[in-house]
Amino acid sequence: MSVGTRKEHDSAHLHVTGAARYVDDIPCPANTLHLAFGLSSEAHAGITALDLEAVRAAPGVVAVLTAADMPFANNASPAPEPEPVLAEGVVHYVGQPIFLVAATSHLAARKAARLAKVDYEPRPAILTVEQALAAKSHFEGGPVIWGRGDVAAGFAQAVHRVEGSFDIGGQEHFYLEGQAALALPEDQGMVIRCSSQHPTEVQHKVADALGCAMHDVRVEMRRMGGGFGGKESQGNPLAIACAVAARATGRPCKMRYDRDDDMMITGKRHDFRVRYRIGADAEGRIVAAEFTHLVRCGWSPDLSLPVCDRAMLHADSAYDLPNIRIESHRLRTNSQSATAFRGFGGPQGMIATEVALDHLAHAMGRDPLELRQRNFYAERPGAACPRTPGDISGIWKAGETHYGQPVEDFILGGITEKLAQSADFAARRAKVAAWNDANATLKRGLSLTPVKFGISFTLTQLNQAGALVHVYSDGSIQLNHGGTEMGQGLHRKVCQVAASIFGVRDEEVRITATATDKVPNTSATAASSGADLNGMAVKAACETIKARLAAFMAESTGCAPGEVRFEAGEVRAGETALPFATVARQAHAARISLSSTGFYATPRISWDRIKGQGRPFFYFAYGAAVTEVVIDTLTGENRILRTDILHDAGKSLNPAIDIGQIEGGYIQGAGWLTTEELVWDAAGRLRTHAPSTYKIPACSDRPRIFNVALWDEPNREETIYRSKAVGEPPFMLAISAFLALEDACRACGPDWPALRAPATPEAVLDAVRRARGAA
Amino acid sequence: MKPFDYQRARDLETAAEAAQAGGRIIAGGTNLLDLMKLQVMTPERLVDITRIPGLDRIESDGPGLRIGALVRNSDLSADMRIRTGYPVLARALLAGASGQIRNKATTGGNLLQRTRCPYFYDPAMACNKREPGAGCAAIGGVSRMLAILGTSEACRAAHPSDMAVALRALEAEVETRRADGATRRLGLDALYRLPGERPDLETTLEPGEIITAVLLPAPLPGATQSYRKIRDRASYAFALVSVAAVVRMEDARIATASLAFGGIGARPWKDPEVDAMLSGQSPSAELFVRAADRLLAQAETDEGNDFKREMTRRALIAVMREATGLAPASTGTDKAEVPA
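The listed protein sequences derive, respectively, from chains A and B. Terminal number for the first sequence in the working numbering: 775, no gaps in between. Terminal number for the second sequence in the working numbering: 340, no gaps in between.
Heads up, some of the hints might be wrong.
Pulled from the structure, derived: some chain A residues nowhere near chain B, Cβ distances all over 12 Å [to be verified]:
1. 63
2. 73
3. 77
Here are the simulated distance ranges between beta carbons [stated by the list, open to error]:
4. 107/A / 207/B: 55 to 63 Å
5. 90/A / 222/B: 53 to 61 Å
6. 81/B / 51/A: 52 to 60 Å
7. 71/A / 180/B: 32 to 40 Å
8. 551/A / 207/B: 51 to 59 Å
9. 69/A / 298/B: 52 to 60 Å
10. 133/B / 701/A: 42 to 50 Å
11. 90/A / 276/B: 43 to 51 Å
12. 337/B / 141/A: 52 to 60 Å
13. 60/A / 11/B: 51 to 59 Å
14. 190/B / 90/A: 43 to 51 Å
15. 216/A / 5/B: 17 to 25 Å
16. 141/A / 11/B: 36 to 44 Å
17. 133/B / 31/A: 45 to 53 Å
These are calculated hints, taken from the structure and not from any lab test. Heads up, the beta-carbon is just placed ideally off N, CA and C, and yes, glycines get one too.
Excised from the complex, chain A in its bound form (with noise of 0.2 Å):
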């Protein structure tokens, strides 16, 4: 069976010589125009005027368009509150889309979008969180609180209390294919081929501009380079654009964005500043936990109001916390409108109470490890396997989160034990003390941090799936599902569903680009859901197939459907033994219908998030990781020595690429909480916006030693054969690289280093001073 087995990506090859298509790739006709948006200098700002002559009179402009021109809608929002593609006479950040030209050549129109003059009415900007409290420039009116239990009082038994404040930068996505699009006008709508997570609500905005129905828009979607949630919503702007000039122009359109616009232009993750208070009893059970959510969303709302409700949710990590409080502050500022990435908020909300716990531990003068495995949730005792009816008994209770879903699949005990074990933990944290002892410049640090991440879209809705799957008369079989490839293999994966249900090698599958018109109404592939709903949907569709195929070979061959087997290229059926092509054309001959969709909708989950209460998870994805690293007490400069991980995929559908994830996602974490830095000047400028600049990790800053392991037990939920979700839960894996810095600077000093994120080596400069006693 394909499933379970280790196999590389399905564009691997076209991937590393080239050949694989991306929108820019595609060849256009010869009279195809390209788009550039002329962009805001000002944070915050009226347009007194906009004289524009220069631009128009520019070599090669075509059109140029401003929000007056906009036929319908003037809007790109995900979210309900609009979001102008182009501003209307307000600018709220540096590198607002002002105006749009359409020119004979990309060139020619980033040139042209430069030549506007445009006459400003400075408004006053709010950039910082301490000037959106000031001005309550909340969305939603103030902010939203969760909790459970009673935190006055959970303090009040507490005999060890810290308290502190966190900063945690914001990141960008840096996908290495940019944001494109490229629209192709037809007799009557527009066929649009962009990169793009969310194919349908690209569909739907371009609708709303061109004032037509959805089924007159037609979006495909073969791959992306790299998404990471950057490419959930921020495409809808270039789509949008390409559409409306294509209308005006009658012309193919097509627009990328240069890196330096795409940077200045897009929204990225949220930077956080969060305010913590938590307290222990003797033992160092969290008896009451306190937290404060800081949140720059940007100009507009975006998705920043889940994305901070996921920070909410995960203010619990991994711990049960009898009494907490969470009160988020969604902040509107003048900056890029930060938007969904890879952990959507989870990774903020779970960092900040890793810090406070290692902050506890440091006041208690306790072993972080120690403290964190002492609050864990519950684990079920001996429950290895998956959970059949009327094994949970009376005694065991599941721990239950401060938003009210029980915590049932625990496993972080045992994944902590095993780790510890085989990265040989308690040996390193002596020879990382030995070592801090000897040497008084280079100081190292070691740090085993737990993931729970919780899988499911927060809003329920959106936890649905639909799947197209033919098998041809030659018994080739064609799919189509509402899942985007950006590279993490959901292809390879959801290929190898179909292959297993039918029994027949992966070639015999061939997966088409994503298009709006073959599966409706989908979801944006996020929340790490794309196998999960897709793999599910597939299945669905193919079972539905089967049980045709299965039924005409025992009415051929006399024996029970029940007992027709598809395996190793054929269809067995008794004696009978006939290759899966053979009954393919068989079937259609006796005019048997080879073709079926697929649903599926997420089980079990229902969400009030008015209320902060219910099952908005179907399932928790767990992960832990040990780091090492080590510290320049001089400069601040550190490495990444070893890192050793062990991640639940669940029962993987393919272990070579759930690794791949995880390496990268680990990576992708560490690149945030260490290098990654981005900087606005007091004018609310971007300062790093292009690779001079702000800095990803490259291939020397991966740890030399990489130790990358599954836990390979079935999810105990009924998920695509018993796998588990693995996009977004190792990024979180990164957190223990933060805390090994921390860990690291806290041997320079008695006193607590307060390390802000990202660790770049001024923060680990300034926290080795705290460390050593300077305020």
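Could you slot chain B onto chain A? The hints should help.
Frame of chain A, contents of chain B only:
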């Protein structure tokens, strides 16, 4: 926001035609535009009635007053005839919203504003008022702002208006123009429906029927009027509980009492039996407790809003003590002055 057409009505006739054809009437827009931004309401066409002449006046109507449907909340609360003869109305208006919103909000629009139930406002949650038959996510949800009287299995929403509570206590009527041009008058009890199985149907107005005025009866000479609103912060918040009272004393007895309640009812709440119980009696704490028991006899609460029973009881007692002279009058309790 969904794209929509905008039409400015010249007169009531064209407005009625457009409304009958499915247009949604907009006046101040202080509630409707918020709902459109959130896509809770997605009208295809807005019919702006603010340019229709003659609807923005406060005029004498025999011994009473006729308040045009387009009179702004701020103008109404500042009008001397209202301040002296109907202080409970001025107090209620000023207790609602903010100065900027009251400058835009109209009398008719205030009556027809929609509930602030958070589940109605969130299109991702089930709501029978937004989408008949979808279910009610508010049941078992956050109920602090929900009603405890007049609710149904389909809907727990409270009517949010302060103004309408005062109008019920004053026994005001609305004047409407039906689509065929005929005029009718109806009390607020006849205007508002209870949710029952169809919480999406909030009033008895017919398609194309437009509120043209609110009619106030003659002020009661010597009556004490009071509006007390209890809320989570001092301004710019909807009522958890509010009480409007118009009480006339004679010989140390309550000659007539008219009470209305906000924040607790599916519509601006009035219970004639409570008024009848109080009228003709000597004021006493024991009498007020019985009146509160009567008011709350049918109340249905859950964990999140059970406090409203006690809060309503105390608010009723406090207001009645001041209105009957058992306690000194505080801000919010006024003697109505009737022009000679």
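Status of each hint after checking the structure:
no.	hint	verdict
1	63	22 Å, holds
2	73	5 Å, violated
3	77	9 Å, violated
4	107/A / 207/B: 55 to 63 Å	58 Å, holds
5	90/A / 222/B: 53 to 61 Å	55 Å, holds
6	81/B / 51/A: 52 to 60 Å	54 Å, holds
7	71/A / 180/B: 32 to 40 Å	39 Å, holds
8	551/A / 207/B: 51 to 59 Å	54 Å, holds
9	69/A / 298/B: 52 to 60 Å	59 Å, holds
10	133/B / 701/A: 42 to 50 Å	56 Å, violated
11	90/A / 276/B: 43 to 51 Å	57 Å, violated
12	337/B / 141/A: 52 to 60 Å	39 Å, violated
13	60/A / 11/B: 51 to 59 Å	53 Å, holds
14	190/B / 90/A: 43 to 51 Å	46 Å, holds
15	216/A / 5/B: 17 to 25 Å	20 Å, holds
16	141/A / 11/B: 36 to 44 Å	38 Å, holds
17	133/B / 31/A: 45 to 53 Å	51 Å, holds
Checked against the numbered hints given earlier, this structure breaks hints 2, 3, 10, 11, 12; the rest are met.
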